[in-house]
Amino acid sequence: MLEFENVSFRYEGADFDILDQISFHIAPGEFVSILGPSGCGKSTIFRLICQLLPRMAGTIKAGGQEITGRRGYCGYMPQRDLLFPWRTVAANLRLPLELRGGMSKGQMEQYTAQALEAVGLGGWGSKRPAELSGGMRQRAAFARTLLTGSDLLLLDEPFSALDFLTRITMQEWLLEQWKQKTILFITHDVEEAIFLSGRVLVIENMPIQRLVSFDVPAGYPRTRACLSDPAMLTLRENLITRLRKGAQ
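Residue numbers for the sequence shown follow our numbering, beginning at 0 and rising by one.
Derived by calculation from the structure, the hints in this document are not laboratory data. Check each hint, because a few of them may be wrong.
Dumping the calculated EDC-like pairs for lysine to aspartate or glutamate here, alpha-carbon to alpha-carbon at most 20 Å [stated by the list, open to error]:
| # | residue 1 | residue 2 |
| --- | --- | --- |
| 1 | Lys180 | Asp214 |
| 2 | Lys180 | Glu203 |
| 3 | Lys126 | Glu191 |
| 4 | Lys178 | Asp155 |
| 5 | Lys180 | Glu116 |
| 6 | Lys180 | Glu2 |
| 7 | Lys178 | Glu116 |
| 8 | Lys60 | Glu108 |
| 9 | Lys180 | Asp155 |
| 10 | Lys60 | Asp19 |
| 11 | Lys180 | Glu191 |
| 12 | Lys244 | Glu190 |
| 13 | Lys60 | Glu4 |
| 14 | Lys178 | Glu29 |
| 15 | Lys178 | Glu203 |
| 16 | Lys60 | Glu29 |
| 17 | Lys244 | Asp188 |
| 18 | Lys178 | Asp162 |
| 19 | Lys180 | Glu29 |
| 20 | Lys60 | Glu2 |
| 21 | Lys126 | Asp155 |
| 22 | Lys126 | Glu116 |
| 23 | Lys104 | Glu116 |
| 24 | Lys60 | Asp188 |
| 25 | Lys180 | Asp162 |
Input sequences plus hints: build the corresponding full structure.
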């Protein structure tokens, strides 16, 4: 579904490549987290996938095809929900459909209503974003990402600004919504990464020269009880140790 091959990138004015010939792949239907400390370059990877930044070298493929000049191959949900305050919730969700075009107003309203129901916001479409809680806004933002129609979803620390209880509730909710989409999820929270993911890619050093892959020893569906399993605890401590070494 997604492939990086020897990809490099350097920010203007920097004296080193923040990404130095990195390679990795994501298979269709996987839920994979990229784990690393704040500021290490995780979001840069997403911006390269979305073509918001120009790579210096290497190849990025989505669905087996080079991404250059293409549209619609991924849906991107940034850290903030970025809902337009002057639009209703339903009108915010309708944006990707408007951009895609080719649909009648009735069709867009139907798809939007279905998406709101799917994320538990049926009946909230006429509200403004300011009338929603933080968790509800993130659910609306996720529904908008789903309406891009893409099978590859990029979620950039979507729950980092939420309080603890809302965050774990949203993590459980996301697993219920996952279905057959391919998800690449950025986080700096080890427990979040191993609870959600089938596989974790760890950034150990800067500049990023490789992503170290770890399989999560828990199947789906899963509950938070899996986090107390000895194999999961061992993985958690291993990942924390690696992150601490990388931060030194």
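Comparing the hints with the structure gives:
1. Under the criterion of a C-alpha separation no larger than 20 Å, the hint pairing Lys180 with Asp214 is consistent with the structure, at around 19 Å.
2. With a CA separation close to 27 Å, the supplied pair Lys180 and Glu203 exceeds the 20 Å bound.
3. Proposed proximity of Lys126 and Glu191 is contradicted: the alpha carbons are some 30 Å apart, above 20 Å.
4. About 19 Å separates the Cα atoms of Lys178 and Asp155, which keeps this hinted pair within 20 Å; it holds.
5. Between Lys180 and Glu116 the alpha-carbon distance is near 18 Å, which keeps this suggested pair within the 20 Å criterion.
6. About 16 Å separates the Cα atoms of Lys180 and Glu2, which keeps this hinted pair within 20 Å; it holds.
7. Taken as a hint, the Lys178 and Glu116 pair is honoured in the structure, with Cα atoms around 16 Å apart against an allowance of 20 Å.
8. For the hint pairing Lys60 with Glu108, the CA-to-CA distance comes to about 33 Å; that exceeds 20 Å, so the pair is violated.
9. The hinted pair formed by Lys180 and Asp155 meets the criterion: a straight-line CA distance of about 16 Å does not exceed 20 Å.
10. Restraint check for Lys60 and Asp19: satisfied, since their Cα atoms lie roughly 17 Å apart, inside the 20 Å limit.
11. A C-alpha spacing of about 19 Å is found between Lys180 and Glu191, which places the hinted pair at or below 20 Å, so the restraint holds.
12. At most 20 Å may separate the alpha-carbon atoms for a hinted pair to count; Lys244 and Glu190 meet this at roughly 18 Å.
13. Simply put, Lys60 and Glu4 have alpha-carbon atoms about 9 Å apart, close enough for the 20 Å limit, and the pair holds.
14. Pair hint Lys178 plus Glu29 holds up; C-alpha atoms about 10 Å apart against a cutoff of 20 Å.
15. This hinted pair does not check out: Lys178 and Glu203 have alpha carbons roughly 30 Å apart, beyond 20 Å.
16. Under the criterion of a C-alpha separation no larger than 20 Å, the hint pairing Lys60 with Glu29 is consistent with the structure, at around 16 Å.
17. Proposed proximity of Lys244 and Asp188 is supported: the alpha carbons are some 16 Å apart, at most 20 Å.
18. For a cut-off of 20 Å, the pair hint linking Lys178 to Asp162 is broken: about 26 Å separates their Cα positions.
19. Proposed proximity of Lys180 and Glu29 is supported: the alpha carbons are some 8 Å apart, at most 20 Å.
20. Between Lys60 and Glu2, the direct Cα distance comes to roughly 5 Å. Compliance with the 20 Å bound is thereby established for this hinted pair.
21. Taking the CA atoms of Lys126 and Asp155, the gap is near 25 Å; set against the 20 Å cutoff, the hint is violated.
22. Proposed proximity of Lys126 and Glu116 is supported: the alpha carbons are some 14 Å apart, at most 20 Å.
23. Taking the CA atoms of Lys104 and Glu116, the gap is near 18 Å; set against the 20 Å cutoff, the hint holds.
24. Of the pairs offered as hints, the one joining Lys60 and Asp188 is violated, with about 27 Å between alpha carbons and a cut-off of 20 Å exceeded.
25. For the proposed pair Lys180 and Asp162, the alpha carbon gap of about 26 Å is over 20 Å, so the pair is violated.
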